[in-house]
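Numbering (the numbering used here), first residue to last: 1 to 247.
Mixed in with the good hints, there may be bad ones.
As the list claims (entries may be wrong) - Straight line, CA to CA, 20 angstroms or less: simulated SDA-like cross-link-like pairs of lysine to any residue: (1) Lys60 - Ser38; (2) Lys41 - Asp59; (3) Lys60 - His102; (4) Lys41 - Glu62; (5) Lys60 - Leu89; (6) Lys60 - Gln93.
What the hints assert, rightly or not - Ranges between beta-carbon positions, derived for each pair: (7) Ala35 - Val198: 28 to 36 angstroms; (8) Arg97 - Ser38: 44 to 52 angstroms; (9) Val179 - Gly202: 15 to 23 angstroms.
The hints are simulated quantities; they were obtained by calculation from the structure and are not laboratory data. The beta carbon of each residue, even a glycine, is placed where N, CA and C say it ideally should be.
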Amino acid sequence: MRHGETPAPERPTQPLTRPHIVAAGLRLLEREGAAGLSMRKLAGELGKAPAAVYRHVSDKRELMSLLFDEVSRRIVLPEVGDDPRAAVLEAAQSAHRVMEEHGWIATGMLDGALLGATSMRLSEFILDALVRDGMSDAQAARLDVAIWQYLVGHLVAVRAAPYPPVPGGDEDYPTVRRVAPLVASMSDHERFTAGLVVLLDGAFAEPRAARDDTAGHGGTAGHDDVATREAPSVSPSLSPSGADAVE
Numbered sequence: 001m002r003h004g005e006t007p008a009p010e011r012p013t014q015p016l017t018r019p020h021i022v023a024a025g026l027r028l029l030e031r032e033g034a035a036g037l038s039m040r041k042l043a044g045e046l047g048k049a050p051a052a053v054y055r056h057v058s059d060k061r062e063l064m065s066l067l068f069d070e071v072s073r074r075i076v077l078p079e080v081g082d083d084p085r086a087a088v089l090e091a092a093q094s095a096h097r098v099m100e101e102h103g104w105i106a107t108g109m110l111d112g113a114l115l116g117a118t119s120m121r122l123s124e125f126i127l128d129a130l131v132r133d134g135m136s137d138a139q140a141a142r143l144d145v146a147i148w149q150y151l152v153g154h155l156v157a158v159r160a161a162p163y164p165p166v167p168g169g170d171e172d173y174p175t176v177r178r179v180a181p182l183v184a185s186m187s188d189h190e191r192f193t194a195g196l197v198v199l200l201d202g203a204f205a206e207p208r209a210a211r212d213d214t215a216g217h218g219g220t221a222g223h224d225d226v227a228t229r230e231a232p233s234v235s236p237s238l239s240p241s242g243a244d245a246v247e
């Protein structure tokens, strides 16, 4: 500045908000993956001191939950109408597409880091559709858990070991060799849908009269609360948080 010139007024700094943090966190995740995401790197992405970020987000676990909440808003939940099975299928397919586009989601779910209000939307939708179709709470809970386990398991399996396993060497597996090209011609999403259809067809084909709570509980009916409590947990809305924070 030259002598006698009036200094330019300082531009006010834009206040830091959670939406700014979420947007910057998603940029980091898409660019560097979950391993490259840290609170310090996030602060650098925002051009802020780490302390400023911690005033809005307590730790990386909360940050991951916020990021999953943001992405999960893109899951399309259709009208249930008169066909709950078709509605559940469509919602699960939409969830698979969204999660497939963001590879960090499946890993974060396995770590128990993605537990947020918006991430419960899919389970609420599935459970409500199943109960409306006549399933008990326990039956709906078991199918919801099965869908989540299949969804997350499929995403993890595809990243770890893409199908199909084609035998090598001199081993003779004629059926695998015959079927493997059929599976290889399908996209990952088509394979996911094929398995999901089998899962849903089995659940929805049960005669109404047989839909009691005896299966898997020693033949004693009327154990909705026990069935729900003992169901394996993967769904964000049904599972406890992971024991260790994601760092």
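Now the hints, each set against the structure:
Our distance criterion of 20 angstroms between C-alpha atoms is met by lysine 60 and serine 38, whose separation comes to about 7 angstroms. Restraint check for lysine 41 and aspartate 59: satisfied, since their Cα atoms lie roughly 13 angstroms apart, inside the 20 angstroms limit. For the hint linking lysine 60 to histidine 102, the alpha-carbon distance of about 17 angstroms falls within 20 angstroms, and the restraint holds. At roughly 15 angstroms between alpha-carbon atoms, lysine 41 and glutamate 62 fall within 20 angstroms of each other, so this suggested pair holds.
For the hint pairing lysine 60 with leucine 89, the CA-to-CA distance comes to about 32 angstroms; that exceeds 20 angstroms, so the pair is violated. In summary, the hint linking lysine 60 to glutamine 93 is not supported, as the alpha carbons are separated by about 28 angstroms, beyond the 20 angstroms threshold. Alanine 35 and valine 198 have their C-beta atoms about 34 angstroms apart, which keeps the hinted 28 to 36 angstroms range intact. Restraint check, arginine 97 to serine 38: a C-beta distance of roughly 28 angstroms breaks the suggested window 44 to 52 angstroms.
Under the hint 15 to 23 angstroms, the C-beta atoms of valine 179 and glycine 202, about 21 angstroms apart, fit the expected range.
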